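Chemist: Sequence:
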Amino acid sequence: MTAIQTLHKVVELAQQRRDEALAALTRLQREWQAAQGQMDQLQTYAQEAQQRWSARGAQGVDPALLHHHRQFMHKIDHAMDFQRGVLSNRAALVEQAQQQVHAAERDLAGLRKYTDAQVQALRQKAQRQEQKATDELALSIHLRQRLAVAQAGEPAQTPAQAQAQRQALLTARAFAAPGRP
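So for the sequence shown, numbering that gives the first Met the number 0 puts the first residue at 0; every next one is plus one.
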């Protein structure tokens with residue numbers, strides 16, 4: 000597997016991690032909403048019970064019924080306190096899941112950026128190698144032509160032409176030197 004293929008696989012795994020984090024966040028948000036719905040029901044029930052008691056209290060109430068009502072309201076208050084704890088717990092889990100989603104998205108973005116940079120670097124390297132090969136081929140053709148002209152007995156170059164040819168040859172050699180990217 001090439002380095003780029005490995006990077007693409009790492010990006011794919013990071014996407015999967017992000018998707019799993021999003022799914023967990025969605026599930027926890029639904030659980031929080033369900034817990035909030037139960038809390039709303041408890042609060043509504045407590046308000047309705049208090050309203051019924053107030054209406055009944057206007058007619059007079061015996062002590063046993065008053066005691067029963069207080070116990071009942073205490074149980075509802077206890078259930079609401081418990082539900083507040085559930086809501087608090089669910090809210091903390093949602094917050095933690097949101098942080099995990101943000102971290103996964105940040106990691107994914109960083110990996111994508113790094114992968115893109117590596118792909119671009121490989122493209123540039125390939126372009127430089129292609130340019131080097133083209134330049135070497137052009138130099139080889141030029142030198143063969145010059146050799147053919149020299150062997151055919153063409154007149155000698157002027158000093159300016161000889162200088163230009165030497166400069167072109169030095170430039171071509173410097174460009175084709177080993178270790179040059």
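Derived by calculation from the structure, the hints in this document are not laboratory data. As the structure is a prediction and not an experimental result, all values here were calculated from the model. Don't take each hint at face value.
[What the hints assert, rightly or not] Cross-link-like lysine to aspartate or glutamate pairs, in silico, EDC-like; alpha carbons within 16 angstroms at most: (1) K112 - E47; (2) K8 - D106; (3) K8 - D76; (4) K74 - E47.
[Said to hold, decoys possible] Cβ pair distances, simulated, as ranges: (5) H77 - Q14: 41 to 49 angstroms; (6) G84 - Q28: 45 to 53 angstroms; (7) Q97 - H7: 33 to 41 angstroms.
Even for Gly, the Cβ is constructed at its ideal location relative to N, Cα and C.
Chemist: Run every hint past the structure and note whether it holds.
Modeler: Structure-based check of all given hints:
no.: 1; hint: K112 - E47; result: violated (58 angstroms)
no.: 2; hint: K8 - D106; result: holds (14 angstroms)
no.: 3; hint: K8 - D76; result: violated (54 angstroms)
no.: 4; hint: K74 - E47; result: holds (15 angstroms)
no.: 5; hint: H77 - Q14: 41 to 49 angstroms; result: holds (46 angstroms)
no.: 6; hint: G84 - Q28: 45 to 53 angstroms; result: violated (18 angstroms)
no.: 7; hint: Q97 - H7: 33 to 41 angstroms; result: violated (28 angstroms)
Going through the hint list in order, the structure does not satisfy hints 1, 3, 6 and 7.
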